[in-house]
Amino acid sequence: VSKSTAGNFLEDFRVGVRHVHASPRTVTTGDAALYTALYGSRFAVQSAQTFAEGCGYWAAPIDDLLVFHIVFGKSVADISRNAVANLGYAECQFMTAVYPDDTLSAESEVIGVKENSNRETGVVAVRTTGINQRGETVLRFARWVMVKKRDAFATIEGPPPPALMSLVEPRVLGSAVPVLGAYDRVLAGSPYLFDDYAVGERIDHRDGMTVEEAEHQLAARLYQNTAQVHFNAHAEAQGRFGRRLVYGGHVMSLARALSFNGLANAFHLAAINGGRHVAPLFAGDTVYAWSEVKEKADVPGRRDIGVMRIVTRATKNIESASYPAEDGGPDKPGVILELDYWAVIPR
Amino acid sequence: VSKSTAGNFLEDFRVGVRHVHASPRTVTTGDAALYTALYGSRFAVQSAQTFAEGCGYWAAPIDDLLVFHIVFGKSVADISRNAVANLGYAECQFMTAVYPDDTLSAESEVIGVKENSNRETGVVAVRTTGINQRGETVLRFARWVMVKKRDAFATIEGPPPPALMSLVEPRVLGSAVPVLGAYDRVLAGSPYLFDDYAVGERIDHRDGMTVEEAEHQLAARLYQNTAQVHFNAHAEAQGRFGRRLVYGGHVMSLARALSFNGLANAFHLAAINGGRHVAPLFAGDTVYAWSEVKEKADVPGRRDIGVMRIVTRATKNIESASYPAEDGGPDKPGVILELDYWAVIPR
Amino acid sequence: VSKSTAGNFLEDFRVGVRHVHASPRTVTTGDAALYTALYGSRFAVQSAQTFAEGCGYWAAPIDDLLVFHIVFGKSVADISRNAVANLGYAECQFMTAVYPDDTLSAESEVIGVKENSNRETGVVAVRTTGINQRGETVLRFARWVMVKKRDAFATIEGPPPPALMSLVEPRVLGSAVPVLGAYDRVLAGSPYLFDDYAVGERIDHRDGMTVEEAEHQLAARLYQNTAQVHFNAHAEAQGRFGRRLVYGGHVMSLARALSFNGLANAFHLAAINGGRHVAPLFAGDTVYAWSEVKEKADVPGRRDIGVMRIVTRATKNIESASYPAEDGGPDKPGVILELDYWAVIPR
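Chains as they are written, first to last, in the numbering used here: chain D, 1 to 347; chain G, 1 to 347; chain X, 1 to 347.
FYI, nobody ran anything at the bench for these hints, they're computed from the structure.
If you're wondering where the values come from, they're calculated on a predicted model, not measured in any experiment.
We put the CB at the ideal spot given by N, CA and C, even for glycine.
A few of these clues could be false.
[What the hints assert, rightly or not] Covered stretches of chain D (in silico footprint by chain G; criterion: 3 or more residues with CB under 8 angstroms from a CB of chain G, positions within the stretch not fixed):
| # | segment |
| --- | --- |
| 1 | 23-32 |
| 2 | 182-193 |
| 3 | 203-209 |
| 4 | 254-263 |
Starting from the given sequences, assemble the full structure and let the hints guide the process.
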């Protein structure tokens with residue numbers, strides 16, 4: 001038996017089996033600094049100790065998407081090492097704030113398996129949970145991955161993956177946010193709070209960011225994500241795209257950082273209703289983003305914050321300015337990411 | 001009204017108006033590690049806790065130019081988002097040591113506005129201040145930026161920017177440096193102290209450093225600098241240079257790190273008398289540096305330290321070795337930066 | 001006399017002279033985060049505070065090779081600034097765990113000098129020691145470097161460098177590892193402990209990692225390694241390879257990180273018996289790795305751990321899968337590194 005592993009193929013997944021992922025990870029201010037260097041994020045709560053403490057946090061919390069990427073990264077070796085494609089996420093909830101020096105571990109339960117009609121690939125769905133050193137769930141999400149079969153003739157036992165879930169309900173949101181004390185809109189970079197946004201409002205985030213190979217590789221390794229497609233130019237020269245593919249989460253973080261220009265007070269991702277990587281991103285491409293406010297909701301028992309359901313779309317090599325005027329949906333040219341999430345914003 | 005901002009144009013600046021910049025920033029050992037990785041700086045005071053404490057610091061202070069870049073970065077969204085060019089800095093003073101976990105915020109006061117004869121651009125001058133979490137001024141500087149007008153027919157109200165200031169006076173320097181206790185020249189990397197340098201002495205720093213796109217982008221994002229010209233290859237393909245431009249502060253930090261070879265004991269920038277970006281730097285270029293000692297001065301009340309006025313010039317793709325023998329001033333081919341500063345050096 | 005230094009040439013080295021290297025360096029969680037981003041290492045002991053404390057460490061220790069690179073980096077300005085080639089390492093022992101906020105300094109004693117028959121170069125051997133802020137030796141190693149002479153006619157006084165040393169003896173190993181308490185193999189990522197490995201066993205680590213210029217430059221600067229050959233594309237265009245050369249230690253760290261897949265519980269490098277850079281690595285190349293278990297040994301007085309002597313070979317642009325079946329020794333095409341080390345693994 002080889003001591004090294006080629007990872008799990010479709011026929012290795014059994015519904016109900018729980019995979020405890022390797023390499024728990026202490027998140028530090030070093031990781032936060034790298035995250036800033038990779039995306040240039042400017043949300044004041046995550047940027048400044050003083051601002052966060054004024055709000056009621058114990059310290060400046062770790063960026064929600066950095067937590068997501070670390071938990072996601074842990075699952076790759078067990079779940080998606082042999083992935084053909086990440087089909088999407090749903091029911092993602094950020095439940096507990098993560099602070100520097102917290103240690104994250106992760107596990108995933110298989111919730112569905114189904115082979116494709118070609119018998120060479122299939123879809124596995126898992127529910128992944130990120131846990132801190134006190135055993136608290138900090139994050140959970142479901143994801144759907146297209147995975148290769150080792151043996152085309154192998155029999156796959158269901159049940160099949162459930163359909164993409166519906167929206168996360170507003171009433172479960174906000175548990176990672178303290179009751180807000182002081183919130184300085186000038187230092188936060190925008191005068192616009194919950195009441196200032198209208199459902200249907202569209203925001204062009206204006207700026208573009210070009211991605212380099214070294215950047216997305218540093219990012220994916222920081223997350224201990226081992227998916228070969230991001231790192232191995234030698235093998236990928238013979239692969240589907242002929243080159244390395246940027247980790248989809250890198251696009252999510254770029255779009256989120258760009259969205260500061262227009263959503264500076266939407267300081268916390270409370271939930272991701274759904275995320276779809278519509279088209280691949282490669283080094284040398286430039287990412288733009290724009291957002292639409294889809295819904296607004298109260299959080300029961302919270303007068304300090306509201307939640308806005310936002311759909312942020314990232315494009316590549318097409319300025320986002322043209323999209324908000326029409327429906328720049330996922331089928332429009334240049335769109336690479338559609339991210340449907342609930343953001344917490346002060347009232 | 002759009003929730004995202006296109007930034008201020010020349011006609012938006014009013015003399016006397018104070019802009020409080022967004023996103024206060026806690027500086028950590030993570031930022032310091034990235035700064036080392038970006039420039040390879042080796043000054044012992046900033047590199048080692050033990051060395052710094054021996055000198056009388058509470059901890060290893062954050063590199064002066066990292067503080068400068070963070071404070072400068074905060075000002076970009078309000079002041080220079082629509083800049084055509086950074087014309088220069090002056091009267092820059094580093095007043096208080098910054099330690100890991102200090103939080104920096106910044107504000108700028110407009111001190112002059114004048115349109116150019118083409119009526120499409122003009123010059124705005126601001127005085128920017130960086131403040132720590134105790135309200136102490138850690139840094140202040142003036143800068144001159146050429147900015148676009150939104151509307152060529154708009155009227156600009158003066159008064160015009162003041163001329164570039166004269167030298168910072170030695171008597172105000174050194175407030176960020178404790179009275180030096182032990183200072184180990186062997187560990188610091190050079191036997192040469194204040195008395196060993198002569199006015200007029202020229203030092204070739206010898207080494208060269210090639211810059212990559214990923215490096216200067218990581219740097220500028222670490223500083224939360226949002227100037228599009230550094231990041232957006234897609235838009236810059238149609239821009240003035242046809243490509244991304246390296247943040248001028250990146251060149252300052254490279255030249256300063258290279259200057260360790262010859263100025264290892266000049267461990268602190270007390271002031272920048274003037275900084276000029278003479279020519280642009282692009283990824284793929286190699287930066288060299290050499291320095292000339294222009295003046296030496298006592299610091300009143302301080303027997304432990306003196307200050308040397310140094311002009312460091314950075315070149316691109318031309319070895320600095322040839323410059324010290326002649327006058328490698330800013331008009332010589334290959335010079336990209338002229339940095340005139342006061343450095344603290346033990347006596 | 002120039003204040004900047006061109007470094008030592010062969011005739012400057014005297015056997016018995018001790019060089020105390022500049023720039024002591026406090027290692028922080030920021031450095032650890034960058035190390036993760038550069039290599040994607042996943043060993044649980046170094047990754048998670050909780051895991052390390054469960055094992056008996058005070059905190060998550062700094063990766064052994066990061067310690068090696070920092071100590072090595074300090075020696076470059078004095079020892080190998082004018083190196084033609086790093087010939088190899090031997091007798092490297094990791095003696096004390098290094099924790100975040102420890103400060104490392106380094107010194108090297110010259111143990112042999114000999115000129116080559118061409119009289120233009122020669123070999124210098126040094127013994128380098130890394131010391132923490134309490135004066136404890138954390139690391140020591142010998143290395144052999146081919147160095148230029150300043151003057152071909154200069155006379156070189158011996159004695160000549162000793163031959164490459166034999167193996168480090170198992171009885172001196174393990175001092176950096178606490179008596180292991182809990183060790184969770186599931187979280188560590190592998191069920192295989194000391195008794196599960198057989199001498200002669202070969203492990204293909206499967207994955208490949210492509211290296212970018214920005215990555216190896218960030219790494220070498222993080223280690224404050226000043227060797228121009230890694231950084232100066234302008235000068236190296238006229239050099240031996242026509243381009244920048246990747247720091248050999250970068251390959252060691254990549255191979256070590258890749259070896260997690262198959263050696264996840266071999267969590268500590270106790271000693272490097274020998275390291276040889278068989279061929280150069282350049283940006284754009286993809287590194288693969290495979291290992292062979294050469295020996296197994298008890299550590300006197302330790303029932304919790306054993307040591308395995310492993311030879312890890314890194315290849316470039318050739319999948320490692322083909323090597324384990326035959327003898328993929330250093331003379332085989334594509335091999336760039338041969339690293340012979342003792343790893344600690346729980347029993």
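Hint by hint, here is what the structure shows:
Using a Cβ-Cβ cut-off of 8 angstroms, 5 residues of the segment 23-32 of chain D lie near chain G, which meets the minimum of three, so the contact claim holds. With 6 residues carrying a beta carbon less than 8 angstroms from a beta carbon of chain G, the segment 182-193 of chain D meets the three-residue requirement, and the given coverage holds. Judged by the Cβ-Cβ criterion of 8 angstroms, the segment 203-209 of chain D is covered by chain G as claimed, because 7 of its residues qualify and three suffice. Residues of the segment 254-263 of chain D with a Cβ under 8 angstroms from some Cβ of chain G number 3, which satisfies the need for three, so the listed coverage holds.
Violated hints for the displayed structure: none, as all numbered hints are satisfied.
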